[in-house]
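There are 2 protein chains.
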Amino acid sequence: MQNESETFVTRRDLLSLVGTVAGGAAMYQAMTSLGFASESGYKGPIKLEGDTRGTSVLVLGAGLAGMTAALELRKAGYKVEVLEFNSRPGGRNWTLRGGDSFTELGGATQTCEFEQGLYLNPGPWRIPYHHRALLDYCKRLGVALEPFIQLNHNALLHGSDAFGGKPQRIRDIKTDFQGHVSELLAKATQQGKLDEMVSAEDKAILLQALRSWGVLDKNYAYSASLDSADFRGYARDPGGGLGAAPVAGEPVGLSDILTSRLWRYLQNFALYQFQTTMFQPVGGMDMIGKAFAREVGDLIRYDAKVTRIQQDHGGVTVSYLNAKTPAAPQLAKADWCICTIPLSILSQIPVDVGPRMKAAIDAVPYASSVKIGLQFKRRFWEEDEAIYGGISYTDLPIRQISYPSSGFNRSGRGVLLGAYVYEGANSFEFTSMNPADRVARAVDFGSSIHPQYKTEFENGIAVAWHRVPFTLGCAGNWSDKAREEHYDNLCRIDGRIALAGEHASYIPAWQEGAILSSLDAITRLHERVVKS
Amino acid sequence: MQNESETFVTRRDLLSLVGTVAGGAAMYQAMTSLGFASESGYKGPIKLEGDTRGTSVLVLGAGLAGMTAALELRKAGYKVEVLEFNSRPGGRNWTLRGGDSFTELGGATQTCEFEQGLYLNPGPWRIPYHHRALLDYCKRLGVALEPFIQLNHNALLHGSDAFGGKPQRIRDIKTDFQGHVSELLAKATQQGKLDEMVSAEDKAILLQALRSWGVLDKNYAYSASLDSADFRGYARDPGGGLGAAPVAGEPVGLSDILTSRLWRYLQNFALYQFQTTMFQPVGGMDMIGKAFAREVGDLIRYDAKVTRIQQDHGGVTVSYLNAKTPAAPQLAKADWCICTIPLSILSQIPVDVGPRMKAAIDAVPYASSVKIGLQFKRRFWEEDEAIYGGISYTDLPIRQISYPSSGFNRSGRGVLLGAYVYEGANSFEFTSMNPADRVARAVDFGSSIHPQYKTEFENGIAVAWHRVPFTLGCAGNWSDKAREEHYDNLCRIDGRIALAGEHASYIPAWQEGAILSSLDAITRLHERVVKS
Chain A
69 MQNESETFVT
79 RRDLLSLVGT
89 VAGGAAMYQA
99 MTSLGFASES
109 GYKGPIKLEG
119 DTRGTSVLVL
129 GAGLAGMTAA
139 LELRKAGYKV
149 EVLEFNSRPG
159 GRNWTLRGGD
169 SFTELGGATQ
179 TCEFEQGLYL
189 NPGPWRIPYH
199 HRALLDYCKR
209 LGVALEPFIQ
219 LNHNALLHGS
229 DAFGGKPQRI
239 RDIKTDFQGH
249 VSELLAKATQ
259 QGKLDEMVSA
269 EDKAILLQAL
279 RSWGVLDKNY
289 AYSASLDSAD
299 FRGYARDPGG
309 GLGAAPVAGE
319 PVGLSDILTS
329 RLWRYLQNFA
339 LYQFQTTMFQ
349 PVGGMDMIGK
359 AFAREVGDLI
369 RYDAKVTRIQ
379 QDHGGVTVSY
389 LNAKTPAAPQ
399 LAKADWCICT
409 IPLSILSQIP
419 VDVGPRMKAA
429 IDAVPYASSV
439 KIGLQFKRRF
449 WEEDEAIYGG
459 ISYTDLPIRQ
469 ISYPSSGFNR
479 SGRGVLLGAY
489 VYEGANSFEF
499 TSMNPADRVA
509 RAVDFGSSIH
519 PQYKTEFENG
529 IAVAWHRVPF
539 TLGCAGNWSD
549 KAREEHYDNL
559 CRIDGRIALA
569 GEHASYIPAW
579 QEGAILSSLD
589 AITRLHERVV
599 KS
Chain B
69 MQNESETFVT
79 RRDLLSLVGT
89 VAGGAAMYQA
99 MTSLGFASES
109 GYKGPIKLEG
119 DTRGTSVLVL
129 GAGLAGMTAA
139 LELRKAGYKV
149 EVLEFNSRPG
159 GRNWTLRGGD
169 SFTELGGATQ
179 TCEFEQGLYL
189 NPGPWRIPYH
199 HRALLDYCKR
209 LGVALEPFIQ
219 LNHNALLHGS
229 DAFGGKPQRI
239 RDIKTDFQGH
249 VSELLAKATQ
259 QGKLDEMVSA
269 EDKAILLQAL
279 RSWGVLDKNY
289 AYSASLDSAD
299 FRGYARDPGG
309 GLGAAPVAGE
319 PVGLSDILTS
329 RLWRYLQNFA
339 LYQFQTTMFQ
349 PVGGMDMIGK
359 AFAREVGDLI
369 RYDAKVTRIQ
379 QDHGGVTVSY
389 LNAKTPAAPQ
399 LAKADWCICT
409 IPLSILSQIP
419 VDVGPRMKAA
429 IDAVPYASSV
439 KIGLQFKRRF
449 WEEDEAIYGG
459 ISYTDLPIRQ
469 ISYPSSGFNR
479 SGRGVLLGAY
489 VYEGANSFEF
499 TSMNPADRVA
509 RAVDFGSSIH
519 PQYKTEFENG
529 IAVAWHRVPF
539 TLGCAGNWSD
549 KAREEHYDNL
559 CRIDGRIALA
569 GEHASYIPAW
579 QEGAILSSLD
589 AITRLHERVV
599 KS
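The listed protein sequences correspond, in order, to chains A and B. When we follow the numbering used here, the leftmost residue of the first sequence carries the number 69, and every step to the right adds one. When we follow the numbering used here, the leftmost residue of the second sequence carries the number 69, and every step to the right adds one.
Errors might be hidden in some of the hints.
A pair holds if it fits inside one copy or across any two, identical chains being indistinguishable in the list.
[To be verified] Below, in silico cross-link-like pairs of lysine-lysine (DSS-like), each with a Cα-Cα straight-line distance of 27 Å or less: (1) Lys401 <-> Lys445; (2) Lys147 <-> Lys261; (3) Lys261 <-> Lys445; (4) Lys147 <-> Lys401; (5) Lys426 <-> Lys373; (6) Lys115 <-> Lys445; (7) Lys549 <-> Lys401.
Hints listed in this document are in silico derivations from the structure and should not be mistaken for laboratory results. These numbers were taken from a predicted model, which means no experiment stands behind them.
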């Protein structure tokens with residue numbers, strides 16, 4: 069799952085959130101020259117060289133952080149064992165398909181009824197092009213990728229009180245807002261109102277640029293024409309043969325766009341983390357977890373619920389129960405421990421670490437998030453509305469509808485993401501409902517955007533992350549203050565224990581953060597081992 | 069192939085071109101209300117009802133227009149025969165793979181040396197979501213589609229004289245231009261300079277919107293910060309573990325962007341015809357032609373070069389030669405004729421039509437276009453530069469480099485589009501070279517954008533459309549004046565002959581135009597038959 073809070077918070081909140089994630093103003097640094105590519109924290113496959121002298125490492129958690137550690141540590145010569153709470157690998161790297169069932173906190177069990185081949189990724193569902201570590205593991209482990217469509221110009225923006233509740237095409241709002249802004253600035257420029265801000269030489273080029281960028285006419289006006297239609301789309305598309313000339317539509321007025329507040333969704337698609345080209349694994353996100361498990365599955369003990377983590381000078385001892393049939397606790401021992409258990413869980417387990425790391429473990433609340441997958445009899449969004457992939461945004465509690473980025477243009481059933489709520493009141497509200505009600509509400513709200521919901525809906529499944537037993541939340545939700553005070557203490561090795569996971573990264577809620585934090589932790593652990 | 073002229077003409081030229089394609093100002097029509105979706109000329113599968121009484125139709129050309137006609141006419145009860153110049157179906161719907169060879173006008177023969185699974189689409193290569201007819205035929209004929217990536221924020225914009233010849237990331241130029249424009253307009257707004265243009269109520273929201281859209285700080289300035297980095301990318305990406313805080317880069321100054329003129333490429337991606345979500349057939353564009361041929365292949369006589377088209381009250385008689393071993397001409401007869409031969413060829417064939425249609429046939433020059441496919445030892449654009457699909461634009465004669473939209477993140481060889489030139493001096497220049505020189509020049513130019521070219525290049529193939537024997541050009545290049553004078557005369561049925569193809573549409577150079585024109589022509593032909 070990823071941070072989608074920009075979909076329902078104000079712009080101010082988003083900026084504040086970004087600042088939070090990044091660790092505050094202290095981190096800001098203006099660089100005087102631009103590199104050709106931005107620098108990734110991933111420099112290619114890790115190399116752990118040196119004699120590990122039979123050292124053993126116990127890894128807690130078989131999510132991506134844990135399995136990355138297991139894979140690389142074994143390759144480096146360590147003896148590795150992994151304890152995993154679930155009966156499957158992957159953790160939040162998880163896909164629900166027809167026949168899968170899952171029980172949430174509170175006891176409600178859902179069984180997925182999707183048709184074969186259809187699925188929901190309740191957790192992470194897309195991969196940015198700059199997540200170099202994750203992409204490299206996909207390549208090395210043979211995980212086939214396909215594009216994930218984030219921005220679809222033909223998807224919808226919907227405000228309950230905007231345009232009489234009638235959804236607008238993204239291409240219309242985007243083109244028209246840009247056109248109006250360009251017109252205003254061009255006119256101000258022409259009227260000499262920017263003379264203090266723009267040089268005479270630049271002014272002439274600025275006017276050209278605004279005309280190009282805003283699709284302005286020769287008088288620098290943005291207006292209804294086949295020129296603007298060539299970007300915003302037509303009232304009637306150009307055709308073939310006789311009587312096939314195109315007809316332009318009327319742009320939405322600036323005042324209407326402003327008061328509709330639909331402009332606040334436009335930059336979602338431009339965020340570095342959501343820019344083209346994004347990916348998803350062919351067949352479901354858990355193809356990645358499964359690929360890791362092909363490598364390290366033999367090291368994993370499933371259904372192992374960790375109840376205590378102890379350490380002394382000689383090593384680490386972890387107590388665990390069988391999560392399905394709890395009996396007497398069992399013990400696992402090793403020289404070192406990489407613990408990837410989410411802080412929401414770890415903070416409830418007795419752990420022998422110093423007060424600094426313990427305070428850090430306790431400092432991070434976990435974000436609330438809800439995802440609801442809905443199966444329909446047919447892909448009406450494609451057939452009726454020419455919407456292929458992408459996301460429609462709304463101010464309704466479902467916040468967004470995302471259309472599948474696979475199976476394009478096929479006949480038959482389809483599953484879309486009927487709600488994706490991240491933090492905020494709506495997320496808590498959905499979490500408080502029973503699963504059937506969540507699905508019913510998603511269908512109800514969605515039908516005001518797509519009336520076809522009413523006749524085409526078949527079944528659904530709803531995951532509320534605060535009720536997911538193995539994480540009790542979606543992802544570590546660092547505040548600026550908490551990060552400043554605790555982040556380094558969380559990441560520093562305490563005795564023989566090192567923590568890893570998305571919570572131990574500057575890319576919270578992303579799989580890349582989990583992998584990079586794991587690579588960093590095992591690198592530092594390995595340095596201690598070979599130097600000791 | 070499609071109209072990519074916006075990549076190397078001025079914005080003014082583009083606007084003028086758009087006007088041309090659309091048929092001029094007379095077509096403009098402001099609509100007072102916005103439809104939920106724009107109206108497509110395609111209303112679902114064609115229904116040709118009524119008794120065809122054994123009527124026969126001769127179709128000339130087995131491109132998409134011809135095969136659409138053959139498929140639908142046979143289904144409606146007509147006796148259909150198709151004559152095709154090439155030894156394969158599809159016409160410009162064409163894919164070159166390893167082992168394919170092709171001889172251009174002038175006699176040069178190229179044999180494609182691509183590794184198995186790699187290909188070049190010399191003609192059309194992408195499908196917009198609003199090309200409803202083409203998409204419906206893909207669905208009906210079982211052609212699997214995958215996304216075609218047009219906009220990749222991490223691809224490059226390159227000006228020989230801009231930034232010392234150093235390519236810039238699209239995300240940087242896009243974010244920074246938008247940021248600077250927003251800052252200028254916000255400041256003008258704050259200073260009361262827009263008071264005549266914007267109401268007081270709108271002004272407050274406009275400032276909020278500009279702050280969101282332009283990623284402005286609380287003082288409405290666009291500047292180096294982790295906020296702007298969250299859109300333009302970072303100097304150092306956020307990472308995991310210790311020492312992983314992100315570092316922001318320095319935005320490009322407005323003056324530098326303006327004088328670089330890289331802004332002129334920004335709207336390419338926003339054009340209705342190039343907007344997300346676009347598609348390509350899995351495995352090559354000719355999967356569509358092959359799918360049609362599975363339906364109507366039994367009706368097609370290949371290697372048939374039409375030399376004369378005659379008609380009288382009784383029917384149509386077409387003379388043709390075997391294109392490979394020309395001997396005595398053979399005759400094909402039918403009651404009616406659907407002729408999809410490109411006008412560049414048809415204007416050189418004696419045709420019994422009235423002076424109006426004949427004048428129309430002669431009125432349309434064919435566009436020049438060159439495409440060059442280059443195979444490299446590895447997908448360095450992905451591995452080294454994180455560029456997955458999309459297009460880099462340059463003012464060099466190659467104009468654009470397009471990275472493949474399939475095989476993402478795989479090891480091994482890859483083929484990219486090393487040049488795509490549409491009209492203009494560069495197109496004629498490339499056309500005048502022999503194929504080997506075209507490829508060598510593309511490698512030479514491209515290496516100033518991707519230095520890896522020098523060591524990774526293996527082989528290439530170059531198609532110059534003015535030298536392609538079956539079209540003598542890329543597509544009908546209607547002028548505004550020609551369309552006004554001749555378009556309807558081209559489309560009207562002359563006796564027993566109706567024309568179809570992209571040239572008989574308002575969507576020139578696109579496959580949708582070919583199909584829609586064909587559906588329109590056979591609809592009108594059928595009306596005459598059942599009413600006669």
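Against the structure, the hints come out as follows:
1. In this assembly of identical chains, the alpha carbons of Lys401 and Lys445 never lie at most 27 Å apart, being 52 Å within a copy and 48 Å across copies at closest.
2. With identical chains, the CA atoms of Lys147 and Lys261 are never at most 27 Å apart, being 71 Å at best within one copy and 71 Å at best between copies.
3. With identical chains, the CA atoms of Lys261 and Lys445 are never at most 27 Å apart, being 57 Å at best within one copy and 55 Å at best between copies.
4. For a Cα distance limit of 27 Å, the shortest separation of Lys147 from Lys401 inside one copy, 11 Å, qualifies, whereas the shortest one across copies, 81 Å, does not.
5. Taking CA atoms no more than 27 Å apart as the test, Lys426 paired with Lys373 passes inside one copy only; the shortest distance there is 20 Å, against 83 Å between copies.
6. Within a single copy, Lys115 and Lys445 get their C-alpha atoms only as close as 50 Å, which misses the 27 Å cut-off; across copies the closest is 25 Å, which meets it.
7. Proximity of Lys549 to Lys401 under the C-alpha cut-off of 27 Å is found in neither arrangement, the shortest distances being 36 Å within a copy and 85 Å between copies.
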